[in-house]
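**Student:** Sequence:
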Amino acid sequence: MWKEIIVLIKKEVTLEWRQKYALNGILLYVVSAVFITYLSVGAKQGNISVPTWNALYWIIILFSSVNAVAKSFVQEHQGRQLYYYMIASPEGIIISKIIYNTLLTAVLAILGYLVFSVILGNPVQDQGLFVLNLLLGAIGFSACLTMVSGIASKASNNATLMAILSFPIIIPILLMAIRISKNAIDGLDRGVSADKLLTLLAINAIIGTTAYILFPYLWRS
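Numbered by this note's numbering, the letters in the sequence shown go through residues 118 to 338 in order.
Rather than coming from a laboratory, the hints here were simulated on the basis of the structure. Among these hints, one or two may not hold up.
[Said to hold, decoys possible] Calculated pairs, SDA-like style, for lysine to any residue (alpha carbon to alpha carbon, straight line, at most 20 Å):
| no. | residue 1 | residue 2 |
| --- | --- | --- |
| 1 | K271 | I176 |
| 2 | K188 | I268 |
| 3 | K299 | A205 |
| 4 | K299 | I281 |
| 5 | K299 | L252 |
| 6 | K188 | F152 |
| 7 | K299 | K120 |
| 8 | K120 | K188 |
Source: prediction; values computed, not measured.
Work out the full structure: start from the sequences and follow the hints.
**Tutor:** Spelled out as structure tokens, the structure:
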């Protein structure tokens, strides 16, 4: 199955490379959102506080991830999905999409972090913990939004359904990520964040396992 997953990931990368406007639009969204924040919340005068910096960062990353991952299944017409149904297993499809969306979300998160550091300053004292938190948050966002995108693609009003279904799942991930990043910004001992990291890792494992188990039933419908 792993050969199948690798082929499907290469397919996703090839399609994204051919349709550069999608990736470029998301990158433009991140940069423009950070710059608007710089102009509007007093950051230009150096008035932005650390909690505000942290909250604004995760808000921008969250909406960037939604824009990036929402198109996983919604953009593919039924003919292409039928073709995938005949040549690939549902487990391979969902795993490949989660891995690809995780890579895409991680790139967006790191890019947002670099842009934030350049434009709004970098108050983070524990860089390693902050980056680890970014990666775990990217895994959680991509696993959740990929599965919800698959469910929403079966409905007519998929945008509304995706927002409703993803909200209660995203909130625990977002809360854990914000708390861990606040500890990293303050430079606290990593032992303080250990339980939160384990909680975030457990949430990601639950979401990924649930998607792996339930997606074949959804795919057959």
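**Student:** It remains to establish, for every hint, whether it holds in the given structure.
**Tutor:** A quick look at each hint next to the structure:
A C-alpha spacing of about 28 Å is found between K271 and I176, which places the hinted pair above 20 Å, so the restraint is violated. About 12 Å separates the Cα atoms of K188 and I268, which keeps this hinted pair within 20 Å; it holds. The hinted pair formed by K299 and A205 fails the criterion: a straight-line CA distance of about 42 Å is larger than 20 Å. Distance restraint check for K299 and I281: the Cα-Cα separation of roughly 27 Å exceeds the 20 Å cut-off, and the hinted pair is therefore not satisfied.
Under the criterion of a C-alpha separation no larger than 20 Å, the hint pairing K299 with L252 is consistent with the structure, at around 15 Å. Of the pairs offered as hints, the one joining K188 and F152 is violated, with about 25 Å between alpha carbons and a cut-off of 20 Å exceeded. For a cut-off of 20 Å, the pair hint linking K299 to K120 is broken: about 40 Å separates their Cα positions. For a cut-off of 20 Å, the pair hint linking K120 to K188 is broken: about 24 Å separates their Cα positions.
Of the hints listed earlier, those the structure fails to meet are numbers 1, 3, 4, 6, 7, 8, in rising order.
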